[in-house]
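Asks: Please build the complete structure, drawing on both the sequences and the hints.
Order-wise, the sequence lines are chains A and B.
Under the numbering used here, the first residue of the first sequence is numbered 1, with each subsequent residue one higher.
Under the numbering used here, the first residue of the second sequence is numbered 1001, with each subsequent residue one higher.
It is worth saying that the hints were derived from the structure and are not from the lab.
Remember, predicted model here, so these are calculated numbers, not experimental data.
Fair warning: there could be bad hints in the mix.
Stated by the list, open to error - Estimated spans, in silico, between C-beta atoms of each pair:
| hint | chain 1 | residue 1 | chain 2 | residue 2 | range |
| --- | --- | --- | --- | --- | --- |
| 1 | B | Q1009 | A | S97 | 43 to 49 Å |
| 2 | A | A134 | B | K1062 | 15 to 21 Å |
| 3 | A | P6 | B | V1023 | 30 to 36 Å |
| 4 | A | L38 | B | D1431 | 54 to 60 Å |
| 5 | B | N1205 | A | A134 | 45 to 51 Å |
| 6 | A | K98 | B | M1198 | 23 to 29 Å |
| 7 | B | A1182 | A | L12 | 49 to 55 Å |
| 8 | B | T1041 | A | D35 | 32 to 38 Å |
| 9 | B | E1042 | A | G66 | 35 to 41 Å |
| 10 | A | K20 | B | N1430 | 43 to 49 Å |
| 11 | A | T137 | B | T1041 | 48 to 54 Å |
| 12 | B | N1430 | A | L37 | 51 to 57 Å |
As the list claims (entries may be wrong) - With a straight-line Cα cutoff of 20 Å, these simulated PhoX-like cross-link-like pairs (lysine-lysine) come out:
| hint | chain 1 | residue 1 | chain 2 | residue 2 |
| --- | --- | --- | --- | --- |
| 13 | A | K72 | A | K98 |
| 14 | A | K62 | B | K1062 |
| 15 | B | K1073 | A | K20 |
| 16 | A | K62 | A | K81 |
| 17 | B | K1073 | B | K1021 |
| 18 | A | K17 | B | K1073 |
| 19 | A | K81 | B | K1021 |
| 20 | A | K17 | B | K1021 |
| 21 | B | K1038 | A | K17 |
| 22 | B | K1038 | B | K1021 |
Glycine included, every Cβ here is placed at the ideal spot set by N, Cα and C.
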Amino acid sequence: MGAKVPRNFRLLEELEKGEKGLGAEACSYGLDEGDDLLMTNWNGTILGPPHSVHENRIYSLKIHCGTDYPDKPPEVTFISKVNLPCVNQSTGKVDLSKLPSIAVWKRDFTMETILIELRRFMAAPANKKLPQPAEGTNF
Amino acid sequence: MADTEQEQQITFNVKSSADAKYVITISTSTSVADLKQKLSTEEYANLPPERQRLIYSGRVLKDQDTVGSCKIKDGNTVHLVRGAESNSRQNPANQGGSTAVPPGAGQPASNVPSNIAAGTGASNPLAQLTGARYAGFHGLPGMDAFGADGGMGAPPNPDQMLRLLEDPNFASQMNEAMNNPAVIDMLRQNPMIRDNPMARQAIENPEFRRMMMNPDMIRMQMQMQRAMGGDGAGGGQSAFPMPGQTDTTPSAEGAATGDGTSPTPGQTNTTGAPTTGGGAANPFAALFPGAGGAGAGANQNQANPFDNLFGGQAQNQDGSGQNSNPLAQMTQQMMQNPEMMQSMMNMMGGGGMGGGMGGNNPSNPSGNTEGTNPQQPNPFGGFNPAAFANMFGGMGGEGSGFGGGGQQPQQPPDNRPPEERYEEQLRQLNDMGFYEFERNVSALRRSGGSVQGAVEYLLGGGV
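Replies: Next comes the structure, spelled out in structure tokens:
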């Protein structure tokens, strides 16, 4: 139901939300190159959730929104090293199918959804005590 | 642009963890280090530069960058986060400690005492002591089962609700509960439901149940709530380091939306705009009686030894168990605790009501949908809005607080003739001296059924 929002409109919406800081405070995202008209490559950050080993850390990620976005999920890759079951430990790539809440992608999920879910995943009891690589190291 | 014009001034916002927002006007050639210096003064964040982390557009700003090269634009928002000066001490599980040299380490060291973990939990030195991470050390299940901070914090906010509802396990458990005659009986005992045949019917109707637990519905409700300036029941994301709002849609805007449209058709009260004015007194508080209840329930459980609640859940011991979903645990507890179950259902009722009120406005003319959620799947598919109007109206006090429901979710086309759909409003318009049926109907259509909006429109001579 409802009209499908085309990719670019969706991304513009997300861009504005990211730049103006309208979303959740613990996550931030924006275009990698401001003049990227196709809005394909994005940066994201996640503030480590409190009461976990991630506390006070800032994780940087790359988000690649292909032409199929938002019908298909974007590719998300950690730049900062992080030890999480859903993150490929050699490339940093996030396996979204291992994130319970977004394993089944829905069109209304946004990049913010992914970042927030990743953050929540970090805070999950099973993950919040995982030993983490030194802060500041990158994949 | 900004790169070429070195002396250009820009004005942007810096949002810090303490919910504070600073408006900064600065030349684009200013370096990030200088910006931090500026922010460190008492006028602004009052935080030493080496502990400031500035995040913009998904990037951590580096000290040597200039504001211009970060492509910060007018009116944008930069997040200011308190970083730990060094977090090597604060967490034994943090292997390898921190090798990162804090940016700006050359600047005067901050005078944070070294015997407390600097920066833990955004400046709260006690955070470590109260942190839920110690809760599991006694062989008891982690208090995470009750949500962040062991359920002592804010009651589940809509975001959490949403997650909960999106969890398939939860849905199935909930459904199971609803199929349990005992639970239904309990619900029937609830005076709110007992005295209302519509509501009673509704809890027995699986379709309706599904709707009440539809995450889209809650999401919609959340959006509505935010736009109206209410900050939700529990404040922002309670698990965040800063108790900030998760959505900063200016509340003035929200209030304005609310003002524009007054009573919805299903209601006879005309409280309309006043109930939504300003977000200060949270008009939605009443909608979440269950939320408070659930929180209380959790506390009660803490006072209560855990054992009977966790009877069959040995795998959760130590909080590190395989069950990675605290919400699922919570649900399970709820299933075992009728009181909590009940308050839960109240909350659900509240949620449903909220959505229902929002959706109460048949026909959704373009004039009224600014900034809502056009892509929202319609949770009302196949339901008769009128029936809901009756039901929610009947559900008592909370309903009346919703007079100003400012945003309408997408509606199924309402095929009733206008005289029937807008019966109440047309009568009001007639009472006010607007006798032209066609004009009245078209004005009501445009205003989404709001008498006030229709009157404005009629007086504006737009028809």
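Asks: All hints are to be evaluated individually against the structure, with a verdict given for each.
Replies: Against the structure, the hints come out as follows:
1. Q1009/B to S97/A: 43 to 49 Å: holds, 47 Å
2. A134/A to K1062/B: 15 to 21 Å: At roughly 19 Å between Cβ atoms, K1062/B and A134/A fall inside 15 to 21 Å, so the hint holds.
3. P6/A to V1023/B: 30 to 36 Å: Holds - the Cβ-Cβ distance for P6/A and V1023/B, about 34 Å, lies within 30 to 36 Å.
4. L38/A to D1431/B: 54 to 60 Å: holds, 57 Å
5. N1205/B to A134/A: 45 to 51 Å: With a Cβ separation near 56 Å, N1205/B and A134/A fall outside 45 to 51 Å, so the hint is violated.
6. K98/A to M1198/B: 23 to 29 Å: Given about 44 Å between the Cβ atoms, the range is violated.
7. A1182/B to L12/A: 49 to 55 Å: holds, 51 Å
8. T1041/B to D35/A: 32 to 38 Å: For D35/A against T1041/B, whose Cβ atoms are near 34 Å apart, the range 32 to 38 Å holds.
9. E1042/B to G66/A: 35 to 41 Å: violated, 47 Å
10. K20/A to N1430/B: 43 to 49 Å: holds, 45 Å
11. T137/A to T1041/B: 48 to 54 Å: violated, 33 Å
12. N1430/B to L37/A: 51 to 57 Å: holds, 55 Å
13. K72/A to K98/A: Measuring from Cα to Cα gives roughly 16 Å; hence the hint holds.
14. K62/A to K1062/B: At roughly 17 Å apart (the allowed maximum being 20 Å), K1062/B and K62/A satisfy the hint.
15. K1073/B to K20/A: Satisfied, since the Cα-Cα distance of roughly 9 Å is no more than 20 Å.
16. K62/A to K81/A: holds, 12 Å
17. K1073/B to K1021/B: OK: K1073/B and K1021/B at ~16 Å, within 20 Å.
18. K17/A to K1073/B: Within the cut-off at roughly 13 Å; holds.
19. K81/A to K1021/B: violated, 31 Å
20. K17/A to K1021/B: The hint holds at about 16 Å.
21. K1038/B to K17/A: violated, 26 Å
22. K1038/B to K1021/B: Holds, at roughly 14 Å.
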